[in-house]
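Participant: Residues per chain are reported as follows:
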Amino acid sequence: MANYILNQITDTAAITKRNLLRYVRLPQLIFFSAVQPIIFLTLFNFVFGGALGSSGAAIHGKYINYLLPGIMVQVTMFGGLQTGIGLATDMTSGLITRLKSLPMSRSAVLAGRTFADSFRNIIVMAIMVGYGYILGFKFYKGILDALIMLAIILLFGYSLSWVSAFTGMKSKDPETAQLASFVFIFPLVFASAAFVPVSTMPKWLQHFANNQPITYAVEAARHFAIGTPLNGALWKLILWIIGILLVFVPLSVYTYRKRA
Amino acid sequence: MSNQPAFKAIKVSKYFGEVHALSEVSLSSEQGKIFGLLGPNGAGKTTLVNMLSTLTEPTAGKLEVLGVDVINNPNQVRKLIGLAGQFAAIDEYLTGEENIYMVARLYHLSAKEAKIRTKKLLEELSLADAAKRQVRTYSGGMRRRLDLGASLVGHPKVLFLDEPTTGLDPRTRSELWDIIRDLVNEGTSILLTTQYLEEADELADHIAVIDHGKLIAQGTSRQLKSQLGGDVIKFSLKNKNDIEKVMAVLKPLSSGKIIYEEKDNLVNLPVGSHGSRKLIDVVRKLDGAKIETVSFELHEPTLDDVFLNLTGIKASEVAEVKKSKKGWRK
Ligand SMILES: Nc1ncnc2c1ncn2[C@@H]1O[C@H](COP(=O)(O)OP(=O)(O)O)[C@@H](O)[C@H]1O
Ligand SMILES: [Mg+2]
Chain A
5 MANYILNQIT DTAAITKRNL LRYVRLPQLI FFSAVQPIIF LTLFNFVFGG
55 ALGSSGAAIH GKYINYLLPG IMVQVTMFGG LQTGIGLATD MTSGLITRLK
105 SLPMSRSAVL AGRTFADSFR NIIVMAIMVG YGYILGFKFY KGILDALIML
155 AIILLFGYSL SWVSAFTGMK SKDPETAQLA SFVFIFPLVF ASAAFVPVST
205 MPKWLQHFAN NQPITYAVEA ARHFAIGTPL NGALWKLILW IIGILLVFVP
255 LSVYTYRKRA
Chain B
764 MSNQPAFKAI KVSKYFGEVH ALSEVSLSSE QGKIFGLLGP NGAGKTTLVN
814 MLSTLTEPTA GKLEVLGVDV INNPNQVRKL IGLAGQFAAI DEYLTGEENI
864 YMVARLYHLS AKEAKIRTKK LLEELSLADA AKRQVRTYSG GMRRRLDLGA
914 SLVGHPKVLF LDEPTTGLDP RTRSELWDII RDLVNEGTSI LLTTQYLEEA
964 DELADHIAVI DHGKLIAQGT SRQLKSQLGG DVIKFSLKNK NDIEKVMAVL
1014 KPLSSGKIIY EEKDNLVNLP VGSHGSRKLI DVVRKLDGAK IETVSFELHE
1064 PTLDDVFLNL TGIKASEVAE VKKSKKGWRK
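Order-wise, the sequence lines are chains A and B. Quick note on our numbering: the first sequence kicks off at 5 and runs consecutively. Quick note on our numbering: the second sequence kicks off at 764 and runs consecutively.
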């Protein structure tokens, strides 16, 4: 048993390393992952900032304080969704035939990819914090809460990596995997508290927006970053994360095993 | 395990919907030998290799590797085999060293053992100089060697090589042949698929010919050739009038009808298998009868002839078919 767990760890570490090396060798992947949040932050801050600067979305006087946690959740989710695209690409490469013929853990191929994508998310988040500070953002609750905020977002993104791993395994090619992710993710992101307060939405949409995981993630993140009320968002988010992992880890691994 | 066949397929079929990639194929190979699976593009070679190496399951039938059931104990089989698939299974953006090291870790060698194994394999495959270079800078031959190296990391007892030399130039190909021969000399059992007749002829102890998912012939290269009636001794006569005498004298030595092509002044004497041994008798008989000949030659049928006979496709045409039909990729 101890041996089994040790092998799982070795396998996952070896695959994670391979994926990270690819990120190092293909720095454009990291580059565009970093440019995307900078563009989002800039656009949203200056396009909506003026209109929302004096509303409920201007915390401590600035929209950027409200905006940054929201965009960070969104960008990290998009980062998590890269997992499926990466895996779908891997499945079309020859390497996967070798991995399948090795006496290695079946889940490591997927887990190694999710970890590598989380590493990339860490880099992207660091860039966002730096750029956010330039735009006037500030953590108001101290370093510990700031770290909790980042951890929450990272974990949420990680759980979505597994949803994405599943769609990636189900997709015939990387393009389909990409489309499949974005079709679901856009309505979820925009009908949430990520960019604007839910109270500004029509009633029917508020119901949806108030009870979906992205809103929980954003509200929890905002609480630890700038001190807005938590409203139980943290526990609901953690339950969502556990639920997503419990469903999608086994489902993805099963699909990988079955996929020829 | 010691007296089990290296691998065995019993009435194995694999259907992809309408496509019958393999139909009731039964094969078995002795340990320590090279088993050549010969067939044109789309014959079902990769499908069989994929099933034996636990990548896909058959629709029907049973597969074993060294007596271990592939479908019920895939993990045990994975510890016995190495696979170098038709498409190089290596990461372009990793160096040669990183590729092998990763596989070594996936075989659960310790970090230190993995380093040693990586170094050794890269040296053995003359890739030590390129060890620190990304694979995308490698030549076709280097990739193949690296891929082969990755398949050897776990000291496989049975090695599956799916078209290992396709697309390589003749020199690189013969280098790879030497490596394959060395492996067999060290006791590895090999299943080698190929579209090249010379390759099967050159390397394989036993050859199975498949086409359209069906096994159409098997045996040693010699047996397959003798299915065509064996060797033919060809010679010309100094004096064309001797032909009557030739027919009479050589009749007891021939294994079939002696044909004289008058236009080219060419005697065709079929002698069955082991033509080279009969050669000397033929020469003696002719000498004894004072018949003078010119341009004496022993013509062995090539696998080319066998292939043409069995599948209706010439080896040269196989390459054409391959070009026009885009290869299937998973
Ligand atoms: N995953 C698959 N789905 C559908 N058809 C397939 C699949 N894999 C192989 N085939 C078909 O099965 C046949 C045998 O293919 P393959 O084993 O790759 O042949 P070979 O390796 O001898 O060229 C071909 O007709 C091929 O198109
Ligand atoms: Mg093939």
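Hints may contain errors.
With a cut-off of at most 27 Å between alpha-carbon atoms, the simulated DSSO-like pairs for lysine-lysine come out as follows [said to hold, decoys possible]:
| id | chain 1 | residue 1 | chain 2 | residue 2 |
| --- | --- | --- | --- | --- |
| 1 | B | Lys-825 | B | Lys-875 |
| 2 | B | Lys-825 | B | Lys-920 |
| 3 | A | Lys-262 | B | Lys-1014 |
| 4 | B | Lys-825 | B | Lys-882 |
| 5 | B | Lys-878 | A | Lys-21 |
| 6 | B | Lys-1048 | B | Lys-1008 |
| 7 | B | Lys-977 | B | Lys-1003 |
| 8 | A | Lys-262 | B | Lys-1001 |
| 9 | B | Lys-977 | B | Lys-1008 |
| 10 | B | Lys-842 | A | Lys-262 |
| 11 | A | Lys-21 | B | Lys-1020 |
| 12 | B | Lys-875 | B | Lys-774 |
| 13 | A | Lys-21 | B | Lys-1053 |
| 14 | B | Lys-920 | B | Lys-997 |
| 15 | B | Lys-1014 | B | Lys-1003 |
| 16 | B | Lys-875 | A | Lys-21 |
| 17 | B | Lys-774 | B | Lys-842 |
| 18 | A | Lys-240 | A | Lys-142 |
| 19 | B | Lys-1048 | A | Lys-21 |
| 20 | A | Lys-21 | B | Lys-997 |
| 21 | B | Lys-1041 | A | Lys-262 |
| 22 | B | Lys-875 | A | Lys-262 |
These are computed hints drawn from the structure, not numbers from a lab. The model shown is predicted, which means the values in this text are computed figures rather than measured ones.
Participant: A separate judgement is required for each hint: does it hold in the structure or not?
Facilitator: Now the hints, each set against the structure:
1. For the hint linking Lys-825 (chain B) to Lys-875 (chain B), the alpha-carbon distance of about 39 Å lies beyond 27 Å, and the restraint is violated.
2. A distance of roughly 20 Å separates the Cα atoms of Lys-825 (chain B) and Lys-920 (chain B); the hinted pair therefore holds under the 27 Å criterion.
3. Distance check on the hinted pair: Lys-262 (chain A) and Lys-1014 (chain B) sit about 64 Å apart at the alpha-carbon level, beyond 27 Å; violated.
4. The suggested pairing of Lys-825 (chain B) with Lys-882 (chain B) is violated, with an alpha-carbon distance near 38 Å, which exceeds 27 Å.
5. As the CA atoms of Lys-878 (chain B) and Lys-21 (chain A) are separated by approximately 15 Å, the hinted pair is consistent with the 27 Å bound.
6. Taken as a hint, the Lys-1048 (chain B) and Lys-1008 (chain B) pair is honoured in the structure, with Cα atoms around 11 Å apart against an allowance of 27 Å.
7. Between Lys-977 (chain B) and Lys-1003 (chain B) the alpha-carbon distance is near 48 Å, which puts this suggested pair outside the 27 Å criterion.
8. For the suggested pair Lys-262 (chain A) and Lys-1001 (chain B), the alpha carbons sit about 71 Å apart, so the restraint of at most 27 Å is broken.
9. Under the criterion of a C-alpha separation no larger than 27 Å, the hint pairing Lys-977 (chain B) with Lys-1008 (chain B) is inconsistent with the structure, at around 47 Å.
10. Distance check on the hinted pair: Lys-842 (chain B) and Lys-262 (chain A) sit about 20 Å apart at the alpha-carbon level, within 27 Å; holds.
11. Between Lys-21 (chain A) and Lys-1020 (chain B), the direct Cα distance comes to roughly 69 Å. Violation of the 27 Å bound is thereby established for this hinted pair.
12. For the hint pairing Lys-875 (chain B) with Lys-774 (chain B), the CA-to-CA distance comes to about 44 Å; that exceeds 27 Å, so the pair is violated.
13. Of the pairs offered as hints, the one joining Lys-21 (chain A) and Lys-1053 (chain B) is violated, with about 80 Å between alpha carbons and a cut-off of 27 Å exceeded.
14. A threshold of 27 Å between alpha carbons decides the hint, and for Lys-920 (chain B) with Lys-997 (chain B) the separation of about 45 Å lies outside it, so the pair is violated.
15. Only pairs whose Cα atoms come within 27 Å are accepted, and Lys-1014 (chain B) paired with Lys-1003 (chain B) is accepted, the gap being roughly 18 Å.
16. With a CA separation close to 17 Å, the supplied pair Lys-875 (chain B) and Lys-21 (chain A) stays within the 27 Å bound.
17. For a cut-off of 27 Å, the pair hint linking Lys-774 (chain B) to Lys-842 (chain B) stands: about 24 Å separates their Cα positions.
18. Annotation: proposed proximity of Lys-240 (chain A) to Lys-142 (chain A) holds, straight-line Cα distance about 26 Å (limit 27 Å).
19. Proximity of Lys-1048 (chain B) to Lys-21 (chain A) is assessed by CA-CA distance (about 74 Å); at most 27 Å being required, the pair is judged violated.
20. For the hint linking Lys-21 (chain A) to Lys-997 (chain B), the alpha-carbon distance of about 64 Å lies beyond 27 Å, and the restraint is violated.
21. Taking the CA atoms of Lys-1041 (chain B) and Lys-262 (chain A), the gap is near 57 Å; set against the 27 Å cutoff, the hint is violated.
22. Restraint check for Lys-875 (chain B) and Lys-262 (chain A): not satisfied, since their Cα atoms lie roughly 34 Å apart, outside the 27 Å limit.
Violated hints for the displayed structure, listed by number in ascending order: 1, 3, 4, 7, 8, 9, 11, 12, 13, 14, 19, 20, 21 and 22.
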